Amino acid sequence: MYKFGVIVFPGSNCDHDSYHVIKHVMGQDCEFVWHEDTNLGRFDCIIIPGGFSYGDYLRTGAIASLSPIMESVEKFASRGGPVLGTCNGFQILVEAGLLPGVLIRNSSLRFVCRWVNIRVENNKTAFTGNLKQGEVLRIPVAHGEGSYYFSEDALKALEENSQVVFRYCDGEGNMTSESNPNGSIGNIAGICSKAGNVLGMMPHPERCSESILGGADGKLIFESVISWLGFGKKTKSMA
Amino acid sequence: MKEYRVKVEVRLKPVVLDPQGKSVLSALANLGFEGVRDARVGKLIELRIRDGSAESVRDRVDEMCRKLLSNPVIEDFIVDIEE
Chain S
1 MYKFGVIVFP GSNCDHDSYH VIKHVMGQDC EFVWHEDTNL GRFDCIIIPG
51 GFSYGDYLRT GAIASLSPIM ESVEKFASRG GPVLGTCNGF QILVEAGLLP
101 GVLIRNSSLR FVCRWVNIRV ENNKTAFTGN LKQGEVLRIP VAHGEGSYYF
151 SEDALKALEE NSQVVFRYCD GEGNMTSESN PNGSIGNIAG ICSKAGNVLG
201 MMPHPERCSE SILGGADGKL IFESVISWLG FGKKTKSMA
Chain B
240 MKEYRVKVEV RLKPVVLDPQ GKSVLSALAN LGFEGVRDAR VGKLIELRIR
290 DGSAESVRDR VDEMCRKLLS NPVIEDFIVD IEE
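As given, the protein sequences belong to chains S and B, one line each in that order.
Following this note's numbering from start to finish, the first sequence increments by one per residue and tops out at 239.
Following this note's numbering from start to finish, the second sequence increments by one per residue and tops out at 322.
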């Protein structure tokens with residue numbers, strides 16, 4: 001059993017969903033961590049949940065990225081610990097500089113809340129190891145500021161490093177503009193750090209990890225990190 | 240120590256698409272305002288700062304902009320200081 005920490009900011013609202021999936025669906029140990037805490041030593045994996053931290057004031061994720069806990073998250077990540085940010089969690093990770101680029105207002109200017117399809121572009125990250133390259137997942141999005149943006153040169157480097165993890169696509173895995181819910185450059189739905197242990201994604205895997213909710217593809221992401229943690233522990237004990 | 244009034248203008252870089260500006264542009268056209276060719280929406284942040292000199296205020300506000308008030312990936316900022 002592994003210990004997951006779910007960070008709670010003022011305005012987080014996917015924290016309980018994340019806790020529920022980890023504790024009751026995945027059967028792992030899980031604890032909420034208030035954003036003013038600074039000790040993450042006891043955790044195997046950190047989740048930065050969705051929501052509207054600090055009311056999205058200034059820019060989404062901007063104020064939360066300066067919370068005391070974020071320095072500890074940075075240290076945790078730099079030691080190779082797996083960190084998953086979904087939706088507002090992704091916005092916080094880019095504002096904190098743990099992931100590159102930025103998330104801006106949806107090109108439609110509307111809040112989008114619907115199921116989308118995403119294609120797996122990189123199955124070598126801590127959170128996608130149980131998935132197949134090119135596999136299509138069906139996961140819901142719910143955001144007003146999810147349009148991923150990065151300058152063209154920077155984007156090229158990102159693609160060369162295989163840091164694009166998910167792209168919006170149709171049900172067959174074709175990248176189309178109709179399947180892009182927010183105008184993200186390159187249909188990008190999720191990216192990872194260079195080392196692959198930090199993943200940020202706009203879709204919500206914690207909202208679709210049980211079939212009673214209309215789909216359980218999100219569970220594959222949590223299963224992947226549990227397998228990844230098991231593999232890490234095995235290699236450590238072999239060394 | 241003097242008190243300075245500082246205005247920080249934060250705007251999207253020209254290369255970044257501004258959907259908010261686009262929608263303002265089309266609303267202006269709907270109202271019948273002709274000849275409006277572009278609209279972009281930015282932010283104005285007003286600060287009152289006690290400090291010894293305008294130079295020191297400028298340095299500190301530049302740092303505030305880099306660390307919090309703007310996101311350098313998509314935004315530029317202009318600082319205006321008044322005593």
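Honestly, the hints are just simulated from the structure, not real lab data.
Note that this is a predicted model, so its numbers are computed, not measured.
Be careful, since some hints might not be right.
Here are the simulated BS3-like pairs of lysine-lysine, each with C-alpha atoms no more than 30 Å apart in a straight line [said to hold, decoys possible]:
| no. | chain 1 | residue 1 | chain 2 | residue 2 |
| --- | --- | --- | --- | --- |
| 1 | S | K124 | S | K23 |
| 2 | B | K252 | S | K194 |
| 3 | B | K282 | B | K246 |
| 4 | S | K75 | S | K23 |
| 5 | S | K75 | S | K194 |
| 6 | B | K306 | S | K75 |
| 7 | B | K282 | S | K219 |
| 8 | B | K261 | S | K156 |
| 9 | S | K194 | B | K246 |
| 10 | B | K246 | S | K156 |
Between the alpha carbons of K246(B) and K156(S), is the straight-line distance 30 Å or under? violated, 36 Å
Are the Cα positions of K252(B) and K194(S) separated by 30 Å at most? Distance of about 26 Å is within 30 Å: holds.
Holds or violated: are the alpha carbons of K282(B) and K246(B) at most 30 Å from each other? Distance ~10 Å between K282(B) and K246(B) Cα, so the pair holds.
Under the criterion that the straight-line Cα-Cα distance not exceed 30 Å, is the pair K124(S), K23(S) satisfied? The hint holds at about 25 Å.
Has the given pair, K194(S) with K246(B), been kept, meaning a C-alpha gap of at most 30 Å? It is violated: about 38 Å lies between the C-alpha atoms, which goes past 30 Å.
Hey, K75(S) versus K23(S), does the alpha-carbon distance stay inside 30 Å? Status holds; Cα separation ~25 Å.
Pairwise hint evaluation, K194(S) against K75(S), where the allowed Cα distance is 30 Å at most: Roughly 15 Å between the alpha carbons, so the hint for K75(S) and K194(S) holds.
Given hint K156(S) paired with K261(B) - CA-CA distance at most 30 Å: Roughly 27 Å separates the two Cα atoms, so the pair holds.
Please work out if K306(B) and K75(S) have their alpha carbons no farther apart than 30 Å. holds, 19 Å
Hinted pair, alpha-carbon criterion (30 Å max): K282(B), K219(S). Please report holds or violated. violated, 40 Å
When held up to the earlier numbered hints, the structure conflicts with 7, 9, 10 and fits the remainder.
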